[in-house]
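Engineer: One-letter residues, chain by chain:
Protein chains: 2
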Amino acid sequence: MVEAIDFRNAMSLLTSAVNVITTTGISGHHGFTASAVCSVTDTPGTLLVCMNTSSRSYEHFVDSKILTVNVLAAHQQQISQVFASKLSSKERFEHGDWSTLVTGAPVLAETLVSFDCKIDQIQEIGTHAVFMCTVVAIQQNSAKAGLVYFNRAYHQVGHQDTV
Amino acid sequence: MVEAIDFRNAMSLLTSAVNVITTTGISGHHGFTASAVCSVTDTPGTLLVCMNTSSRSYEHFVDSKILTVNVLAAHQQQISQVFASKLSSKERFEHGDWSTLVTGAPVLAETLVSFDCKIDQIQEIGTHAVFMCTVVAIQQNSAKAGLVYFNRAYHQVGHQDTV
Numbered sequence: 031m032v033e034a035i036d037f038r039n040a041m042s043l044l045t046s047a048v049n050v051i052t053t054t055g056i057s058g059h060h061g062f063t064a065s066a067v068c069s070v071t072d073t074p075g076t077l078l079v080c081m082n083t084s085s086r087s088y089e090h091f092v093d094s095k096i097l098t099v100n101v102l103a104a105h106q107q108q109i110s111q112v113f114a115s116k117l118s119s120k121e122r123f124e125h126g127d128w129s130t131l132v133t134g135a136p137v138l139a140e141t142l143v144s145f146d147c148k149i150d151q152i153q154e155i156g157t158h159a160v161f162m163c164t165v166v167a168i169q170q171n172s173a174k175a176g177l178v179y180f181n182r183a184y185h186q187v188g189h190q191d192t193v
Numbered sequence: 031m032v033e034a035i036d037f038r039n040a041m042s043l044l045t046s047a048v049n050v051i052t053t054t055g056i057s058g059h060h061g062f063t064a065s066a067v068c069s070v071t072d073t074p075g076t077l078l079v080c081m082n083t084s085s086r087s088y089e090h091f092v093d094s095k096i097l098t099v100n101v102l103a104a105h106q107q108q109i110s111q112v113f114a115s116k117l118s119s120k121e122r123f124e125h126g127d128w129s130t131l132v133t134g135a136p137v138l139a140e141t142l143v144s145f146d147c148k149i150d151q152i153q154e155i156g157t158h159a160v161f162m163c164t165v166v167a168i169q170q171n172s173a174k175a176g177l178v179y180f181n182r183a184y185h186q187v188g189h190q191d192t193v
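Protein chains in written order, with my numbering: chain V, 31 to 193; chain E, 31 to 193.
For the record, the hints were derived by calculation from the structure and aren't laboratory data. Do not rely on the hints blindly, as some may be mistaken.
Claimed, not checked - Residues of chain E placed beyond 10 Å of chain V at every Cβ, according to the derived structure:
(1) S57
(2) D72
(3) D93
(4) A114
(5) K116
(6) S118
(7) E124
(8) E140
(9) V166
Unchecked claim - Not everything, but these chain E residues come out facing chain V in the computed CB check (under 8 Å):
(10) A34
(11) L44
(12) L142
(13) V165
(14) V178
(15) G188
Said to hold, decoys possible - Label-pair ranges, simulated between beta-carbon atoms:
(16) G55/E / K120/V: 31 to 41 Å
(17) R86/V / R86/E: 40 to 50 Å
(18) D150/E / N82/V: 11 to 21 Å
(19) D36/V / A183/E: 30 to 40 Å
(20) D127/E / D36/V: 44 to 54 Å
(21) E140/V / A183/E: 15 to 25 Å
(22) I56/V / N171/E: 43 to 53 Å
(23) E121/E / T130/V: 43 to 53 Å
(24) A34/V / A183/E: 54 to 64 Å
(25) Y184/V / N171/E: 33 to 43 Å
(26) G55/E / Q108/V: 40 to 50 Å
Where a beta carbon is used, it is the ideal one built from N, C-alpha and C, also for glycine.
When you get a sec, could you build the whole thing from the sequences and use the hints?
Structural biologist: Structure, rendered in structure tokens:
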């Protein structure tokens with residue numbers, strides 16, 4: 031076993047994309063910023079998202095069984111910060127332009143790409159849950175550079191002005 | 031549902047760290063390059079790794095129930111390519127300097143960080159398996175820039191020469 035602090039320090043070196051994960055239901059829209067997202071298989075298109083079960087919006091994701099993974103572009107650092115802040119769910123969605131695809135979960139404009147998903151399976155592991163999700167629709171946008179998080183700071187990957 | 035090709039094209043925009051995942055057993059060392067790795071929880075330190083079950087080394091990971099996640103530094107692109115090539119397991123490990131920590135799975139020198147793990151659980155989903163792994167030891171090195179994969183190309187994040 032390793033100490034939690036040592037694990038977190040080491041994990042800060044695993045570069046990840048920055049994503050805003052959203053859902054919607056009878057209590058409105060909910061969303062949070064997440065780095066723990068990865069591809070599982072393309073047959074059928076499946077990804078997974080890890081979420082802290084003590085997060086205030088966790089139950090909304092469990093109830094709705096839908097989510098969208100919005101993969102942020104390099105210019106969307108402010109949106110990342112909004113969805114990791116103490117703002118209420120309602121206040122968070124006042125930032126950015128939102129639409130929907132198939133499930134109804136909020137889809138952010140100007141991302142690199144957004145994956146609209148059904149949550150097929152939820153597995154709780156320690157403090158977190160792993161959502162296994164089937165992708166039902168994809169919206170790819172024109173952004174060419176991605177926002178990433180490495181060593182506790184934002185960075186960008188790719189070039190903003192090239193095609 | 032979405033087409034596999036559309037899913038793969040969209041997923042190419044999800045930036046990820048580049049990792050060499052290794053194990054060892056009675057048939058020797060085995061390893062492959064993987065992007066689908068993410069942190070799950072820090073209590074206890076847990077990460078997950080996705081692997082194609084048709085990979086020739088899959089059964090070795092299932093049998094050994096140990097693995098090391100070697101998170102590549104910016105200068106290790108060649109090692110990434112070696113572990114994604116058609117070289118045999120034996121030939122792959124002729125590249126790089128290797129040691130061990132606790133489990134005995136091969137630990138690569140000069141990475142950003144390496145996580146030595148026990149595989150606690152294996153879940154098959156479509157063509158892939160998700161390994162849930164408890165981290166039992168960590169080796170952090172002095173590299174300051176990471177190797178990442180975005181839009182089907184290698185990039186680096188962070189600065190190679192700063193402390």
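Engineer: Please go over all the hints and tell whether each is borne out by the structure.
Structural biologist: Structure-based check of each hint:
{"no.": "1", "hint": "S57", "verdict": "holds (26 Å)"}
{"no.": "2", "hint": "D72", "verdict": "violated (4 Å)"}
{"no.": "3", "hint": "D93", "verdict": "holds (22 Å)"}
{"no.": "4", "hint": "A114", "verdict": "holds (16 Å)"}
{"no.": "5", "hint": "K116", "verdict": "holds (22 Å)"}
{"no.": "6", "hint": "S118", "verdict": "holds (26 Å)"}
{"no.": "7", "hint": "E124", "verdict": "holds (26 Å)"}
{"no.": "8", "hint": "E140", "verdict": "holds (13 Å)"}
{"no.": "9", "hint": "V166", "verdict": "violated (6 Å)"}
{"no.": "10", "hint": "A34", "verdict": "holds (4 Å)"}
{"no.": "11", "hint": "L44", "verdict": "holds (5 Å)"}
{"no.": "12", "hint": "L142", "verdict": "holds (4 Å)"}
{"no.": "13", "hint": "V165", "verdict": "holds (5 Å)"}
{"no.": "14", "hint": "V178", "verdict": "holds (5 Å)"}
{"no.": "15", "hint": "G188", "verdict": "holds (6 Å)"}
{"no.": "16", "hint": "G55/E / K120/V: 31 to 41 Å", "verdict": "violated (54 Å)"}
{"no.": "17", "hint": "R86/V / R86/E: 40 to 50 Å", "verdict": "holds (45 Å)"}
{"no.": "18", "hint": "D150/E / N82/V: 11 to 21 Å", "verdict": "holds (19 Å)"}
{"no.": "19", "hint": "D36/V / A183/E: 30 to 40 Å", "verdict": "holds (32 Å)"}
{"no.": "20", "hint": "D127/E / D36/V: 44 to 54 Å", "verdict": "violated (23 Å)"}
{"no.": "21", "hint": "E140/V / A183/E: 15 to 25 Å", "verdict": "holds (22 Å)"}
{"no.": "22", "hint": "I56/V / N171/E: 43 to 53 Å", "verdict": "holds (50 Å)"}
{"no.": "23", "hint": "E121/E / T130/V: 43 to 53 Å", "verdict": "holds (50 Å)"}
{"no.": "24", "hint": "A34/V / A183/E: 54 to 64 Å", "verdict": "violated (35 Å)"}
{"no.": "25", "hint": "Y184/V / N171/E: 33 to 43 Å", "verdict": "violated (23 Å)"}
{"no.": "26", "hint": "G55/E / Q108/V: 40 to 50 Å", "verdict": "holds (48 Å)"}
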